[in-house]
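K.L.:
Residues per chain are reported as follows:
Protein chains: 2
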Amino acid sequence: MVRVLLLCNARCNIMGPNGYPIHSAMKFSQKGCAEMIISMDSSQIHSKDPRYGASPLHWAKNAEMARMLLKRGCNVNSTSSAGNTALHVAVMRNRFDCAIVLLTHGANADARGEHGNTPLHLAMSKDNVEMIKALIVFGAEVDTPNDFGETPTFLASKIGRLVTRKAILTLLRTVGAEYCFPPIHGVPAEQGSAAPHHPFSLERAQPPPISLNNLELQDLMHISRSRKPAFILGSMRDEKRTHDHLLCLDGGGVKGLIIIQLLIAIEKASGVATKDLFDWVAGTSTGGILALAILHSKSMAYMRGMYFRMKDEVFRGSRPYESGPLEEFLKREFGEHTKMTDVRKPKVMLTGTLSDRQPAELHLFRNYDAPETVREPRFNQNVNLRPPAQPSDQLVWRAARSSGAAPTYFRPNGRFLDGGLLANNPTLDAMTEIHEYNQDLIRKGQANKVKKLSIVVSLGTGRSPQVPVTCVDVFRPSNPWELAKTVFGAKELGKMVVDCCTDPDGRAVDRARAWCEMVGIQYFRLNPQLGTDIMLDEVSDTVLVNALWETEVYIYEHREEFQKLIQLLLSP
Amino acid sequence: MVRVLLLCNARCNIMGPNGYPIHSAMKFSQKGCAEMIISMDSSQIHSKDPRYGASPLHWAKNAEMARMLLKRGCNVNSTSSAGNTALHVAVMRNRFDCAIVLLTHGANADARGEHGNTPLHLAMSKDNVEMIKALIVFGAEVDTPNDFGETPTFLASKIGRLVTRKAILTLLRTVGAEYCFPPIHGVPAEQGSAAPHHPFSLERAQPPPISLNNLELQDLMHISRSRKPAFILGSMRDEKRTHDHLLCLDGGGVKGLIIIQLLIAIEKASGVATKDLFDWVAGTSTGGILALAILHSKSMAYMRGMYFRMKDEVFRGSRPYESGPLEEFLKREFGEHTKMTDVRKPKVMLTGTLSDRQPAELHLFRNYDAPETVREPRFNQNVNLRPPAQPSDQLVWRAARSSGAAPTYFRPNGRFLDGGLLANNPTLDAMTEIHEYNQDLIRKGQANKVKKLSIVVSLGTGRSPQVPVTCVDVFRPSNPWELAKTVFGAKELGKMVVDCCTDPDGRAVDRARAWCEMVGIQYFRLNPQLGTDIMLDEVSDTVLVNALWETEVYIYEHREEFQKLIQLLLSP
Numbered sequence: 001m002v003r004v005l006l007l008c009n010a011r012c013n014i015m016g017p018n019g020y021p022i023h024s025a026m027k028f029s030q031k032g033c034a035e036m037i038i039s040m041d042s043s044q045i046h047s048k049d050p051r052y053g054a055s056p057l058h059w060a061k062n063a064e065m066a067r068m069l070l071k072r073g074c075n076v077n078s079t080s081s082a083g084n085t086a087l088h089v090a091v092m093r094n095r096f097d098c099a100i101v102l103l104t105h106g107a108n109a110d111a112r113g114e115h116g117n118t119p120l121h122l123a124m125s126k127d128n129v130e131m132i133k134a135l136i137v138f139g140a141e142v143d144t145p146n147d148f149g150e151t152p153t154f155l156a157s158k159i160g161r162l163v164t165r166k167a168i169l170t171l172l173r174t175v176g177a178e179y180c181f182p183p184i185h186g187v188p189a190e191q192g193s194a195a196p197h198h199p200f201s202l203e204r205a206q207p208p209p210i211s212l213n214n215l216e217l218q219d220l221m222h223i224s225r226s227r228k229p230a231f232i233l234g235s236m237r238d239e240k241r242t243h244d245h246l247l248c249l250d251g252g253g254v255k256g257l258i259i260i261q262l263l264i265a266i267e268k269a270s271g272v273a274t275k276d277l278f279d280w281v282a283g284t285s286t287g288g289i290l291a292l293a294i295l296h297s298k299s300m301a302y303m304r305g306m307y308f309r310m311k312d313e314v315f316r317g318s319r320p321y322e323s324g325p326l327e328e329f330l331k332r333e334f335g336e337h338t339k340m341t342d343v344r345k346p347k348v349m350l351t352g353t354l355s356d357r358q359p360a361e362l363h364l365f366r367n368y369d370a371p372e373t374v375r376e377p378r379f380n381q382n383v384n385l386r387p388p389a390q391p392s393d394q395l396v397w398r399a400a401r402s403s404g405a406a407p408t409y410f411r412p413n414g415r416f417l418d419g420g421l422l423a424n425n426p427t428l429d430a431m432t433e434i435h436e437y438n439q440d441l442i443r444k445g446q447a448n449k450v451k452k453l454s455i456v457v458s459l460g461t462g463r464s465p466q467v468p469v470t471c472v473d474v475f476r477p478s479n480p481w482e483l484a485k486t487v488f489g490a491k492e493l494g495k496m497v498v499d500c501c502t503d504p505d506g507r508a509v510d511r512a513r514a515w516c517e518m519v520g521i522q523y524f525r526l527n528p529q530l531g532t533d534i535m536l537d538e539v540s541d542t543v544l545v546n547a548l549w550e551t552e553v554y555i556y557e558h559r560e561e562f563q564k565l566i567q568l569l570l571s572p
Numbered sequence: 001m002v003r004v005l006l007l008c009n010a011r012c013n014i015m016g017p018n019g020y021p022i023h024s025a026m027k028f029s030q031k032g033c034a035e036m037i038i039s040m041d042s043s044q045i046h047s048k049d050p051r052y053g054a055s056p057l058h059w060a061k062n063a064e065m066a067r068m069l070l071k072r073g074c075n076v077n078s079t080s081s082a083g084n085t086a087l088h089v090a091v092m093r094n095r096f097d098c099a100i101v102l103l104t105h106g107a108n109a110d111a112r113g114e115h116g117n118t119p120l121h122l123a124m125s126k127d128n129v130e131m132i133k134a135l136i137v138f139g140a141e142v143d144t145p146n147d148f149g150e151t152p153t154f155l156a157s158k159i160g161r162l163v164t165r166k167a168i169l170t171l172l173r174t175v176g177a178e179y180c181f182p183p184i185h186g187v188p189a190e191q192g193s194a195a196p197h198h199p200f201s202l203e204r205a206q207p208p209p210i211s212l213n214n215l216e217l218q219d220l221m222h223i224s225r226s227r228k229p230a231f232i233l234g235s236m237r238d239e240k241r242t243h244d245h246l247l248c249l250d251g252g253g254v255k256g257l258i259i260i261q262l263l264i265a266i267e268k269a270s271g272v273a274t275k276d277l278f279d280w281v282a283g284t285s286t287g288g289i290l291a292l293a294i295l296h297s298k299s300m301a302y303m304r305g306m307y308f309r310m311k312d313e314v315f316r317g318s319r320p321y322e323s324g325p326l327e328e329f330l331k332r333e334f335g336e337h338t339k340m341t342d343v344r345k346p347k348v349m350l351t352g353t354l355s356d357r358q359p360a361e362l363h364l365f366r367n368y369d370a371p372e373t374v375r376e377p378r379f380n381q382n383v384n385l386r387p388p389a390q391p392s393d394q395l396v397w398r399a400a401r402s403s404g405a406a407p408t409y410f411r412p413n414g415r416f417l418d419g420g421l422l423a424n425n426p427t428l429d430a431m432t433e434i435h436e437y438n439q440d441l442i443r444k445g446q447a448n449k450v451k452k453l454s455i456v457v458s459l460g461t462g463r464s465p466q467v468p469v470t471c472v473d474v475f476r477p478s479n480p481w482e483l484a485k486t487v488f489g490a491k492e493l494g495k496m497v498v499d500c501c502t503d504p505d506g507r508a509v510d511r512a513r514a515w516c517e518m519v520g521i522q523y524f525r526l527n528p529q530l531g532t533d534i535m536l537d538e539v540s541d542t543v544l545v546n547a548l549w550e551t552e553v554y555i556y557e558h559r560e561e562f563q564k565l566i567q568l569l570l571s572p
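Chains as they are written, first to last, in full-length UniProt numbering: chain A, 1 to 572; chain B, 1 to 572.
Everything labelled a hint here was simulated from the structure, so no lab data went into it. Among these hints, one or two may not hold up.
[Said to hold, decoys possible] Which bits of chain A does chain B cover? Going by a derived footprint, with three or more residues having C-beta under 8 Å, they are: (1) 359–371; (2) 425–431; (3) 516–522.
[To be verified] Derived DSSO-like pairs: lysine-lysine, alpha-carbon spacing no greater than 30 Å straight-line: (4) 452(B) to 452(A); (5) 452(B) to 339(B); (6) 444(A) to 564(B).
[Unchecked claim] One side of the interface only, derived from the structure: several residues of chain A facing chain B at Cβ under 10 Å: (7) 434; (8) 436; (9) 449; (10) 453; (11) 464.
Here a beta-carbon is modelled for each residue, glycine too, at the ideal position from N, C-alpha and C.
Chain A on its own, in the form it takes in the complex (with noise of 0.2 Å):
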C-alpha cells in the first residue's frame, strides 16, 4: 500500500534493477500494485524490461496476474529479446495454471522460441504430463522440428528417467505419434505382426492395447505424428450440394468444450468451416449455444478459450448459480439486440422446454420461419397460452438462454426449461423438423427446393462411465424402516429419472441410426467415452484438459470414421 501511495505521483516510467516498476510488481504478485501503474501509464502493459526484453505478461507468476494483464488488453504473444512468449516461460517455470491462462487467451501453442523450441519442446523435459496434455489439446504440433531437427516427440524418446520416458511416449501414442524411421529392428513380436511398417501404428478399431513394456531406446529413433491428417483437403465446399448436412449438438453444460474439440478436428481434417460444411444446425443448452456460435462465423478455437474463461464467472457460488454471469457472456457475444433471424444460413434450431404447461412442450428457436404442420392440434383447450416469439423477434442471446437453462443449475428462463428435458440429443427432433419443413415445401408448392437430408452428425458432449448401481432395491419396504426407505429410493429414483431421459447417448442414438439407415442417410455419432463422470459446472482446469485429452485420443482411434466423414462432407 505503501508503493502504491507512492506511485501516486510517481513517474511509473524510472528503470530499476529488475526494469520498470511493472516488472518488480510481477515479479513479487502485488496484483494492486501492478493495477495502480497500469491505469496511471496503460502504456506500461506494453514495456520491456532490460535484462529479458520481457513483457510484462512474461514476469506472470500466477493465473490472476496473467488474467488482470490480459484484461488489460497486453498482446498474449509478445516474444521476449530471445524469441520466446510468455508461454514458454510459463511451461519452463512448470505454471500450469498460468499455461491455461495464457492458452485460453489465445496463446500460440505452437510459437517457436528460443532455438526454434515451441512450448512443447520445452514441456518434454519437465516431466509434466498435464502440460504436455494441455498443449497438444489446444493445438501444439508434436513434429514441429526446432533449429537443431529435433521434434518434441524425438525429445521426448531422450528422455533420461525410463518411467517418465514410457509414461510420455505412451501418452503420444495414444494420439497418434508413431516412429517413422529409421526401419526398425527387433520389433517385438505381438506387436509387428499386427502392421510390420507401422509397429506401433494403432490400426485397430478398439482403444489399443497401451503396453510400451517392450519398450528400449534403440527404438525411438525417431517419432513423427499421425494426428494431422494426412487427408486434409483445401477444396472449398461446393455450394451446389444437392443433399443437406445436419450437424446435431447435444447439451452438457461447459462439456461443450468436447463438441469444440470434435468440431476443431472437423475443421482443420476438412478444411471447411463448420458453417460451410453444414445446412442445418441443432443444438441443445450448451450445444445450442454452440449452434448460434457457428452461425455467427465465431471460430471454435475461440470459443474453445470463451468457455474456459467464462466458467469459472458463470459457475461461481452455488447451484442454483446467478444467472447474470451467462446473459452478460451472451450479450457480449451474440450482442444484445441480435435477432435469430439476422443470420440465415445455415438454418439453425435450439431446443427449448416449453413448460407453462403440463405436459410440457418442445419448442424450437428457429432463424428461418417454422414449418406450418397439418397434424391435428394436440389440445383444443388452453388457447389462451401465449404463443412463442417469431423467429423474428426472438433475441439470440434469450434464445441461447432459453435453451440452456439447466434445471437446478440456473434458475429458469421466464417460462422455458432446458430444452435436454425433452431433446438432449436433438437429432430425432432436428430430422422431424427437416421432414416437417419438407412436407411444408411441398405443400406450398415449393417441391423443387426439398433438399434431401444425406448426413446426419451427432455430437456428444462426452459419455461418463457406467457405473453399477447397488441401490435398486431401495423400494423394496420392509415394515419398520419403509418410510425412511422410500425417501431414500425417490431421491435415488429422482436421479434415475432424470438421468435416463437426458441421457442423450443410449436410445436416442440407437433410434437415430436406425432412422437414419432406413432412409439412407449416412450417420455418425461421436462422442468420446470419458474416464471420470464431469459435472456441467466443472471449473477445474485440469479436469477439463484431460477431458480434452481423451477426445484427442478418441479422435485418433476414430480417424478412419472421421476420413470417411469428411470425405462425404465434402463430396458434392
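On the provided structure of chain A, position chain B as indicated by the hints.
P.N.:
Below, chain B without anything else, positioned relative to chain A:
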C-alpha cells in the same frame, strides 16, 4: 350368526316365502349367511326362486354380494322365468355398481329379456346417464329392436322430460347414433347444410358442436346407429402378407382399458383377432401386459373385465402397492412357468428399464432371439454386470411384471424399473428393434426373410388435458425464501421431468410420424383426449367408464381414420 348356527345342521333346500334360504340371504344382503349356505350346498348357487324363477344373482343388491356369487361360480347370464338376466334387474333397480360387477364378469350387455328388451332398453327409462354409458361401453347396441320394434335410441327419443331426453340423445349422438328415417323436414339450416340427407351426421373431422337445442319431438321419429361400422369384413387375414404390421401399446396402468377399447373396435371392424392383424406387438408396462394377452390369445373383452376386476385388488392400500396381487394375477393369467418363447407369433417385445447401472439401459423382453447388432459396445468396462435372461429362459409373468414396475406405484422387480422411464411410448424403440432384426437377417444371409414394415399402429392410454402451469418461476430465489422455494421447485421440477420424459404423446409421436413418413410407412396414432386427468391407479368405476365412453366418442369421431386403417390392415 344365529341363523348360521341354525343352518349348520338345517337343510338348505327348504322353500320359504321368498324361495330357498339363499334367496332370503341375498335379499337381506347377508353375505356371511349366503357364503355359509353355498359352502354347505354348492347347488344352491343355481337355485331358482319359485316366484320369479330367478337365481340368487338376480337377488344380489350390491356389488359385494354379486362378486361373492360370481367368485363361487354362478352363471352370470342365467335368466329368470321372464327371460331377464341379473343385469336386467340391476339396470331396472339402478344398481350401477352391481351392473359393473356383472358386466366385468362377462354379462351379455345385449341380452334380450322380457318383451325382447335389452338392458339398454330398460336403462333408457331410468334417466341414468352413467348406466347408459356403461352398457354401451361394454358393447350394448343402440339399435337392437325389442319385441315391439323399438330400439333403445327410439325409446330415448320418447322420454317425456325434455332435459333428460336432450341429454341422452346428445350422448347417443356423440357415439354416432343417427336419425335415419323417415326423412326429416324442417331441419335447422346450419345443420342441414352440412349433410342434407343425414341432418345429424357428424362428418366433421373435429369434435362435433353438440347443440341439440333446436331438437323437437317431431325430429326424433326414429334413431338408428352408425357406431357399428358398415365396413365389417369377415375375411380372414392373408397369411402371405408381403409386409409387416407393427402394433405399439403405451404404458399407463389401469388406463390400459383405453387400449383394450380401441383394440375391440379394431377387431370388431376387421372381423379379425388382433393377434392375426399384426406381426409385431410392442408394449410398455400395461401395454406390455396387453401385448402378452394378445400373444396368448386372450380376448380383449375378457381383458376389459379382468382390468376392472383386478384394479381393486392391485391398487389396494397406498403407494407403493404390494406387488403380491399383481404378481398373482399375472401368474394366473399367463401361467407360473410359461416362458416367453412358448408362443412365437406374433413377435412380441416388452420394454423394461435395466436400472442396475447408471445410465440405465433399455431392455426388451422378447419372444424371439435378440438381433445381434454390430454397433460398438456402449461401455467396455463393467462387463461384470449380469446380462438379462435369454428369451427362452424368461418367464412371461416376470417380463410383464418387470415392464410394469412403475416407480412409486410398485416396488421395482429386481433390477428392472418400468419400461415407461425410457419408452412410455415404445414405437421408436420397436422400429429400431425391427430395423436391427432385419439388418441381422441380412448379415446372416437371410435377406429373403426380411419383411418391410408397412403399417405402424400406436395406441395410447388417453391424453390428459393440458393445464397451464403457473409455478414455473418457483426457482427464482429471493434470498430469504431461497431454500424453501428451491425445495418446492425441486418437487415441481420432479413432476415436470417425469411428465416430460414419460409423455408418450408429444415428441414421441411427432418423431415416429416423421420417421414413418420418410420411409413410406403408414402411421396411425390413436389416443383419445380425456376430459380429466386419470391416474395410473384410478379405481372408480364411474371414472373409468367415462374414460371408455370418451374412447367410444373418439372412435366415432375418427371413424374415417379407423376405416382407412382397417382397409390397410386387411389388404394383402
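K.L.:
Does each hint fit the structure? Answer for all of them.
P.N.:
Do the hints match the structure? See the list:
no.: 1; hint: 359–371; in the structure: holds (count 4)
no.: 2; hint: 425–431; in the structure: holds (count 3)
no.: 3; hint: 516–522; in the structure: holds (count 3)
no.: 4; hint: 452(B) to 452(A); in the structure: holds (22 Å)
no.: 5; hint: 452(B) to 339(B); in the structure: holds (28 Å)
no.: 6; hint: 444(A) to 564(B); in the structure: holds (26 Å)
no.: 7; hint: 434; in the structure: holds (8 Å)
no.: 8; hint: 436; in the structure: holds (7 Å)
no.: 9; hint: 449; in the structure: violated (17 Å)
no.: 10; hint: 453; in the structure: holds (9 Å)
no.: 11; hint: 464; in the structure: holds (8 Å)
The structure fails to meet hint 9 from the earlier list, while all remaining hints are met.
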